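Taking the hints into account, I'd like the entire structure generated from these sequences.
First to last, the sequence lines map onto chains A and B.
Here our numbering = 1-based position in the first sequence + 823.
Under our numbering, the residue at position 29 of the second sequence is numbered 28, and the numbers go up by one with no gaps.
None of these hints come from the bench; they were simulated from the model.
It should be emphasised that the depicted structure is a prediction, and the values quoted were computed from it without experimental measurement.
For glycine and all other residues, C-beta sits at the position ideal for the given N, C-alpha and C.
Any given hint could turn out to be false.
Said to hold, decoys possible - Examples of chain A residues toward chain B, derived with CB under 10 Å:
| hint | residue |
| --- | --- |
| 1 | Leu1089 |
| 2 | Arg1167 |
| 3 | Leu1179 |
| 4 | Ser1181 |
| 5 | Trp1253 |
| 6 | Arg1256 |
| 7 | Ile1261 |
| 8 | Arg1264 |
| 9 | Gly1277 |
| 10 | Ala1280 |
| 11 | Ile1282 |
Claimed, not checked - Each pair of labels, with its calculated beta carbon distance range:
| hint | chain 1 | residue 1 | chain 2 | residue 2 | range |
| --- | --- | --- | --- | --- | --- |
| 12 | B | Pro133 | A | Ala1262 | 35 to 43 Å |
| 13 | A | Gly1115 | B | Phe109 | 53 to 61 Å |
| 14 | B | Ser165 | A | Thr1117 | 23 to 31 Å |
| 15 | A | Cys1227 | B | Asp118 | 51 to 59 Å |
| 16 | B | Arg11 | A | Thr1091 | 50 to 58 Å |
| 17 | B | Asp118 | A | Glu1159 | 49 to 57 Å |
| 18 | A | Gly1252 | B | Ser49 | 38 to 46 Å |
| 19 | A | Pro1228 | B | Met300 | 42 to 50 Å |
| 20 | B | Ser100 | A | Ser1248 | 51 to 59 Å |
| 21 | A | Thr1117 | B | Asp118 | 44 to 52 Å |
| 22 | A | Ala1262 | B | Glu136 | 53 to 61 Å |
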Amino acid sequence: MLTNQDFQGWELLSIFFSVSKTRLRMQALLCAFVFCGSASILAGTVADHDACTSSCTPATSSSDTSPAGQCCCSVLQKAQHSGGSQGHKPQPPVGSCPNKKKTVPDHPSVCGPEKRTCAELAKEDSEYVALGEEAKYEESQQHWDVAQGKYLELVKRARNEQERKSAVEGYTRATNKAKRCTAVSHSCAEQSEFEAIETDARNEETAKRWDLAQSRYLEVLKKARNDDERTHARSGYSRAAEKTGSWWWLWGRYFPPIRWWYTCHLATLVALLILIGILVSPKILGGTGIVGWTGKVLQKIVMPRFSGRARVIAPVGLTANSQAQLFAAQLPHGVEEVRARWRRAGLSFLSGTTSLLSVPSSLADQISSEFPEIKGVNLGKFLAFLFLLSRYFSWRVESQVAFCPGLPSAPNGPTASGRMRSYASLRWGWFTREIIRIAPRASDQNDVDVAAYGVAARILGAAQRSWR
Amino acid sequence: MSLKQKRSLVERIRFSAPESFGLFMDALRELQIYEDEASKSEPDRDRLKSNLEVALESLENCYVSFPSDLLPRYYLGITLAMQNQRDYAEEIWKRQADPQSLVPGNFTPFPRLPWPLLDRAISLFDELSGCGIPELEVSAKFNLAQMYVRRDKNGDLDKAKSLLNSSQQAQKYITTAWEQAGQRFLGIASEALRTAQRTYVEGLARRFQERTLMATVQGRLAMRNSGAGLDSYNLSKVELARVRDEIDGDVEIPVHIRHDLLADSWTKSGRLVYEEAFIEPGATKEETLRQAESDLREALMYKRNWIPAQTYLAQVFQAEGNLPAAAEQLQSILGKH
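See below:
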């Protein structure tokens, strides 16, 4: 590798050769050689020594001592120092490197005529920059010990005063931070864990969850590393233990409102007043009180008006001989019968077998225009969940039917006619709009038409009422 | 009628609960089955009795449970009148079994008994005649007048007369330009238009019935009022005949309503003539009874097995001494034993 001094020597030599005769040339050559070599060695040593001594600290290790005196240069430089007498050649200055003229900075601290290529210099520079970045990164991540090491390395590799100063500052920072963790002879991870448990304990205490606070303080106590921490943890533990040992905390285990009262008076008082209000409201408001009112309001908001169609869910037979399916099939016909009978009443002029006037047709029309459509669907056959869901949130008629045969009025006497007990409810979702209960006379279990008609009439009645 | 008025009317005519509507429809079903059964020549007595009782029970329940509902009250009045009609026929039937009561000296043309069902029906129609719904009020007033005429107690005929005098002419529905355009566009009349036309026809028919009833009332009052003379009575009969002719010639009224009106007119005429037979006893009595019989048969031609006509016809037969014919008519009313 050429150094500045080498370059200057060869330059002089070439100038000499260009201007002298052969003999003179030889003599001059010898003199110039000697002169240049001595000058070069002398200049290199003095310059190196000046540069080192101007920036080095006297407290460097003994191994750093060079023949030229104490120096803090790098190992490489020290080697250069030690090898400087073995014949330094004048080298071109780094600044004159054709490839590194702009990117490689001037390095006045280079000791001795070091033969390094531009690539090596660039690599060294890159490594230094990378190391600096790594140190900063570790510092930002608060990995103080790692950052400390990195900065130390930077100090070692610093190539000028400015870099050294910057590295030393970083090293000092990291050392100071690292001291805080190491001062109590614990690692940072342990410190973090300790602080987390302590914070958690304080939070539990603030929230008055005394049992949890107690266990947390116990944990803090176990992990305490000095007397201060131990005292603090012990006092917290005592406070929590005092509360958890009280009668209300123990009884509160079986009846939590006692604990609520002692932990938060206001909230418990408000809750108590609300509870009393709910309990007393039926007496003041009637019915089911506030709860009932809330339900009604919810029903008003959520439940749509029954104005369209209702579907008949497969009825349930309440007795063994009930013709539930027959009843379901009869129900839509019952609806049609209601319509037809209403129409007939409206269209008749005279009422039945009398000369009295029937209901005016204009009034009959008003009512009949509001009759909904009732369709029979045997839902038992549809098992799809979505279908059931859609049915659940639509108007439907759920019904039960039971035939109760008549009993003889006397032993061996004639049997009285039975009753077809039919129950139906008009429902939407979980709300029940109407409950229908009829028990017309029926000759046998197949005599469902009167019951179906009665249920249908009441469903239609619910529809005309829903328009009010 | 403005939309607001119409809505208010609809609100008032509605049933207050599904159960109310259900009970009402149960009763209506029973009444219609009763009507169908009664129109048979040989109806089932037990079924007739049961139908009417169930209907009355349902309406009574409805009236008690939902007293604000108007239509159940209206039909309760009608059903009470029907039950009274049946009780009346039962009284006539009792005479059949008691020959002594049919002896000319003992025979009274009409059973003079208290009719509590009629009294109740009168009070119901009286309430409804001021219910605030014009259509229902008009019908209730007419039915109230009918009830007064049927009861025919102290001053009932005068009350009926004053009620009938206050009635109004039916007003023809005038279609608006919009409705005419809609009718042209759709090709059919709208529901509202059809209802309005039916209402007009009902109004016309009711007016004929009112005139018929008024003529009957005037005739009966003339018979009882010795000072009124025969002319007044004859004028009533002439009025009855004139109204009948008008009904017959009115093509606006559908046939089935026209038959109802003519049957009612002939029945009232027969009843009037039947009463006349006992006002002017003598040689003309049999002739008058035959006339009454003829009128009542005429009524039954328009409405077969119509109970009012059959009841009076049975009475005429009893007055004539034709007990089998009377029994036949009564069995058709009450059903076969």
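Of the numbered hints stated previously, which ones are contradicted by the structure, given in increasing order?
1, 5, 14, 15, 17 and 22
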